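Turn these sequences into a full structure, and let the hints guide you.
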Amino acid sequence: MGKKLFKIRNATIGDCSELSELSKELGYPASEDEIRKRLNSILNSNNHIVYVAFLSDGRVIGWIHIYEAQRIESGAFSEIGGLIVSEIFRNKGVGKKLLKLAEEWTQKKNLSKLRVRSKIEREDAKKFYLNMGFSVSKKQRVFDKIMNRKKHNE
0 MGKKLFKIRN ATIGDCSELS ELSKELGYPA SEDEIRKRLN SILNSNNHIV
50 YVAFLSDGRV IGWIHIYEAQ RIESGAFSEI GGLIVSEIFR NKGVGKKLLK
100 LAEEWTQKKN LSKLRVRSKI EREDAKKFYL NMGFSVSKKQ RVFDKIMNRK
150 KHNE
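Take the sequence shown: its letters are residues 0 to 153, numbered as in numbering that gives the first Met the number 0.
The set of hints was computed from the structure by calculation and includes no laboratory data.
Check before you lean on any hint, since a few could be wrong.
What the hints assert, rightly or not - In silico lysine to aspartate or glutamate, EDC-like type, Cα no more than 20 Å apart, as pairs:
id, residue 1, residue 2
1, Lys99, Glu120
2, Lys138, Glu72
3, Lys126, Glu102
4, Lys91, Glu122
5, Lys118, Glu24
6, Lys91, Glu102
7, Lys137, Glu122
8, Lys99, Asp123
For clarity, every value in this text was computed on a predicted model and none was experimentally measured.
Shown next as structure tokens:
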């Protein structure tokens with residue numbers, strides 16, 4: 000796929016259906032409404048950005064979410080919240096272009112590091128990130144605790 004067959008732009012609320020479908024491919028199923036709520040919040044933040052790759056017919060074939068992470072114990076850095084390219088369009092330069100935009104955004108924000116986390120089982124992702132100049136900085140365990148959320152009117 001040549002560079003002329005796809006373009007990149009900022010995500011919009013109108014992309015929610017396709018973002019939802021791609022999120023399922025990434026292994027994180029979410030309804031269009033859930034994506035809409037999340038994306039609306041992200042689009043209203045100066046510390047987040049979402050880019051989409053799309054074909055000439057307007058179909059979204061990939062997306063990347065980058066945000067500025069703040070930590071008490073270390074300086075601010077940018078982190079990739081998610082990167083997905085539709086399976087049939089992988090290995091065609093789409094992910095590489097999206098990642099380059101993440102690097103540019105990181106530099107514009109004057110942040111010194113771009114981080115991405117990937118499941119250990121995702122060998123293709125590991126190869127991709129290593130080929131893009133990333134290095135493994137640590138291995139860790141991720142612990143989640145599901146919390147009961149109160150409704151806004153309670």
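For each hint, the structure was consulted:
{"no.": "1", "hint": "Lys99 x Glu120", "result": "24 Å, violated"}
{"no.": "2", "hint": "Lys138 x Glu72", "result": "18 Å, holds"}
{"no.": "3", "hint": "Lys126 x Glu102", "result": "18 Å, holds"}
{"no.": "4", "hint": "Lys91 x Glu122", "result": "18 Å, holds"}
{"no.": "5", "hint": "Lys118 x Glu24", "result": "14 Å, holds"}
{"no.": "6", "hint": "Lys91 x Glu102", "result": "19 Å, holds"}
{"no.": "7", "hint": "Lys137 x Glu122", "result": "16 Å, holds"}
{"no.": "8", "hint": "Lys99 x Asp123", "result": "18 Å, holds"}
Of the numbered hints stated above, the single one contradicted by the structure is hint 1.
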